[in-house]
Amino acid sequence: MNVEVAYALLNKQKIIALDVEEGCSVREAVRRSNIHAFFPEVDVENAKLGIFGKAVRNPESQALKEGERVEIYRELLVDPKQARANRAAKATKG
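Heads up, the sequence shown is in the working numbering, so the first residue is 1 and it goes up one at a time.
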């Protein structure tokens with residue numbers, strides 16, 4: 001079955017197409033993608049993962065379905081609530 005594994009930085013992204021057997025887990029697909037060769041900073045074993053923008057709670061046990069795209073999430077640099085507060089404070093000053 002065909003699936004994809006995706007990872008993106010601000011200026012670079014990679015989507016890797018894979019052919020995996022039925023029952024392949026989300027985490028196993030990431031391992032097989034060899035994404036680490038393109039992005040050595042990715043911690044394949046601990047990265048938060050999702051499918052089409054929705055976080056996966058148990059990537060080691062959740063099986064993929066035909067055509068799904070696994071996304072590897074980066075850690076946020078700034079908490080979204082704090083970012084909004086910073087923008088609001090800046091807007092009131094200006």
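Calculated directly from the structure, the hints in this document are not laboratory data. Among the hints, erroneous ones may be present.
What the hints assert, rightly or not - Computed list of lysine-lysine pairs in PhoX-like fashion (alpha-carbon distance at most 20 Å, straight line): (1) Lys65 with Lys81; (2) Lys48 with Lys14; (3) Lys48 with Lys12; (4) Lys65 with Lys12; (5) Lys65 with Lys48; (6) Lys65 with Lys54.
Stated by the list, open to error - What follows is a set of in silico ranges between Cβ atoms, one per label pair, in the way DEER data are often shown: (7) Ala17 with Ala55: 16 to 26 Å; (8) Arg32 with Gly53: 14 to 24 Å; (9) Gln82 with Gly53: 38 to 48 Å; (10) Leu9 with Lys81: 33 to 43 Å; (11) Val44 with Asp19: 54 to 64 Å; (12) Glu75 with Phe38: 46 to 56 Å; (13) Lys81 with Asp19: 40 to 50 Å.
Every value quoted in this text rests on a predicted model; they were computed, and no experiment measured them. Beta carbons are placed, not taken as given, at the ideal position from N, Cα and C, and that holds for glycine.
Structure-based check of each hint:
1. Proposed proximity of Lys65 and Lys81 is contradicted: the alpha carbons are some 34 Å apart, above 20 Å.
2. About 17 Å separates the Cα atoms of Lys48 and Lys14, which keeps this hinted pair within 20 Å; it holds.
3. A C-alpha spacing of about 19 Å is found between Lys48 and Lys12, which places the hinted pair at or below 20 Å, so the restraint holds.
4. With a CA separation close to 27 Å, the supplied pair Lys65 and Lys12 exceeds the 20 Å bound.
5. With a C-alpha separation of about 19 Å, the suggested pairing of Lys65 with Lys48 holds against the 20 Å cut-off.
6. Of the supplied pair hints, the one linking Lys65 and Lys54 holds, its CA atoms being roughly 14 Å apart against a limit of 20 Å.
7. For the pair Ala17 and Ala55, the supplied restraint of 16 to 26 Å holds, since their beta-carbon distance comes to about 22 Å.
8. At about 22 Å, the CB distance of Arg32 to Gly53 agrees with the hint of 14 to 24 Å.
9. At about 22 Å, the beta-carbon gap between Gln82 and Gly53 misses the expected band of 38 to 48 Å.
10. The given range of 33 to 43 Å is broken by Leu9 and Lys81, whose C-beta atoms sit roughly 23 Å from each other.
11. A hinted range of 54 to 64 Å for the beta carbons of Val44 and Asp19 is inconsistent with their spacing of about 19 Å.
12. Between Glu75 and Phe38 the CB atoms are about 18 Å apart, so this pair departs from the stated range of 46 to 56 Å.
13. Look at Lys81 against Asp19: about 41 Å separates their beta carbons, and that is inside 40 to 50 Å.
Checked against the numbered hints given earlier, the structure breaks hints 1, 4, 9, 10, 11, 12 and satisfies all the rest.
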